[in-house]
Amino acid sequence: MARTLKREYRNALHTALVMDGAISAMALGDALIGGDITSGQLLRERLDVELRLLDDLAWTPDVARDHFELTLSDDQLAHAARRLHRVGVDLVAEYDATDVDRRTAEVEAGREVGLKVVLLTHLLLRDIEPDEPVEDLC
Amino acid sequence: MLPIECRIPYSLEMKTALLRVCVPMMRELGEAAVAYPEGNSWELGGPAGRAASAIKVAEWVEWTFTGYAGEHEPVIVAPPEELLAAIDHLEQFIDRRFHDLGVKQACAGDKRGGDAVKVIVAVPVEHVEAVQQLVEAQTVCEALRRGVDAQVALWTVDRERRDQLQPQVAEALTFYAAELHDALTQADSLLARSHGESCADLIVALDRLDWDADDPQENTFGVPAESVLEQLVESNSSTAAELLKVLRGDHEEED
Chain E
1 MARTLKREYR NALHTALVMD GAISAMALGD ALIGGDITSG QLLRERLDVE
51 LRLLDDLAWT PDVARDHFEL TLSDDQLAHA ARRLHRVGVD LVAEYDATDV
101 DRRTAEVEAG REVGLKVVLL THLLLRDIEP DEPVEDLC
Chain G
1 MLPIECRIPY SLEMKTALLR VCVPMMRELG EAAVAYPEGN SWELGGPAGR
51 AASAIKVAEW VEWTFTGYAG EHEPVIVAPP EELLAAIDHL EQFIDRRFHD
101 LGVKQACAGD KRGGDAVKVI VAVPVEHVEA VQQLVEAQTV CEALRRGVDA
151 QVALWTVDRE RRDQLQPQVA EALTFYAAEL HDALTQADSL LARSHGESCA
201 DLIVALDRLD WDADDPQENT FGVPAESVLE QLVESNSSTA AELLKVLRGD
251 HEEED
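From first to last, the protein sequence lines stand for chains E and G. Residue 1 is where the first sequence starts when you use our numbering, and the numbers rise one by one after that. Residue 1 is where the second sequence starts when you use our numbering, and the numbers rise one by one after that.
Hints are supplied without guarantee of correctness; some may be wrong.
Derived contacts from chain E toward chain G, CB cut-off under 7 Å, selection only [stated by the list, open to error]: (1) Gly21; (2) Leu28; (3) Gly29; (4) Leu32; (5) Ile33; (6) Ile37; (7) Ser39; (8) Leu42; (9) Glu45; (10) Leu51; (11) Trp59; (12) Thr60; (13) Val63.
The hints are simulated quantities; they were obtained by calculation from the structure and are not laboratory data. Note that beta-carbon positions come from the ideal geometry of N, C-alpha and C, so glycine has one too.
Between the sequences and the hints, there should be enough to build the whole structure, so can you do that?
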């Protein structure tokens with residue numbers, strides 16, 4: 001059965017995905033320029049899955065839809081979920097590392113996104129790979 | 001393996017000949033399932049594989065015996081490996097039917113090392129029409145196989161052309177990956193999507209040409225998609241321009 005995300009969680013995942021997709025794209029370009037074939041091929045997998053996930057979630061941040069069907073295979077989704085779990089953890093860690101009086105609205109929003117992404121990716125990974133441990137669960 | 005789809009035009013006669021074999025191939029599975037209700041893979045595997053191929057072929061030619069289902073030009077669009085596997089199954093089934101109908105065949109081999117060819121030497125008189133239909137289907141299978149081979153040859157680049165194209169594709173991917181990064185960072189989703197599509201096409205092109213510029217793992221390489229070749233032509237790639245001409249059949253017009 002296809003997995004479907006509600007808009008609230010899709011929005012959080014979309015934010016994390018755009019952040020990570022930008023990093024993947026830049027890293028792929030760097031690997032190609034540096035002639036690093038091994039990294040290039042790993043990043044190729046990563047970017048390909050992220051682009052497909054963006055197709056599922058819709059590219060524009062604001063979309064007039066309440067549900068988003070995930071069409072990636074289990075392997076692809078697990079691959080993306082593991083990456084995005086890390087992004088979510090980093091967003092929460094950034095909030096924790098920021099002094100209380102320096103926590104801007106952006107940092108606060110980042111924490112909200114991070115928590116949702118961590119929860120969602122954790123649930124996805126438990127659903128796809130029930131026997132695999134999920135690292136860094138906040 | 002070439003990650004491409006071939007496009008083989010077919011006539012109404014070809015379609016009819018194929019469907020006349022596909023329908024009994026599907027029936028064969030039903031008969032096997034009745035004969036072996038507790039059947040294991042040994043008893044049902046063969047008929048099931050052939051029936052699956054028959055369904056694919058029937059879908060590729062749009063099922064109906066009479067006329068074409070759509071307005072468009074009748075073309076089988078399928079991955080070459082899948083189409084060749086289905087042709088194998090059709091030929092396997094035709095061979096079995098020849099045997100069931102008591103058709104006598106003999107091998108007319110080429111003594112200089114060519115493949116032996118089976119020829120029909122005797123047909124029971126009551127099965128002449130059925131055998132004729134099977135021969136028609138066999139001829140269509142051969143034509144399809146030749147069509148696939150020709151297209152696969154067309155979509156394959158030699159090492160020299162590959163060595164010219166690979167760095168151009170890698171350079172284009174580097175450029176679009178940087179553009180994608182910028183568009184995502186600036187939250188320009190429309191531009192990001194467009195660059196994302198370019199990256200995806202170029203990634204597939206690099207898969208076909210091999211990521212390792214100097215030491216590719218394969219000896220044959222798939223032609224990049226037309227959209228990628230068009231991009232490379234804009235960057236003054238004469239190799240891409242030549243390939244684009246071949247793919248579009250422009251060379252035949254010039255001849």
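Compare the structure with the hints numbered earlier in the document and write down the numbers of the violated ones, lowest to highest. 7, 8, 9 and 13
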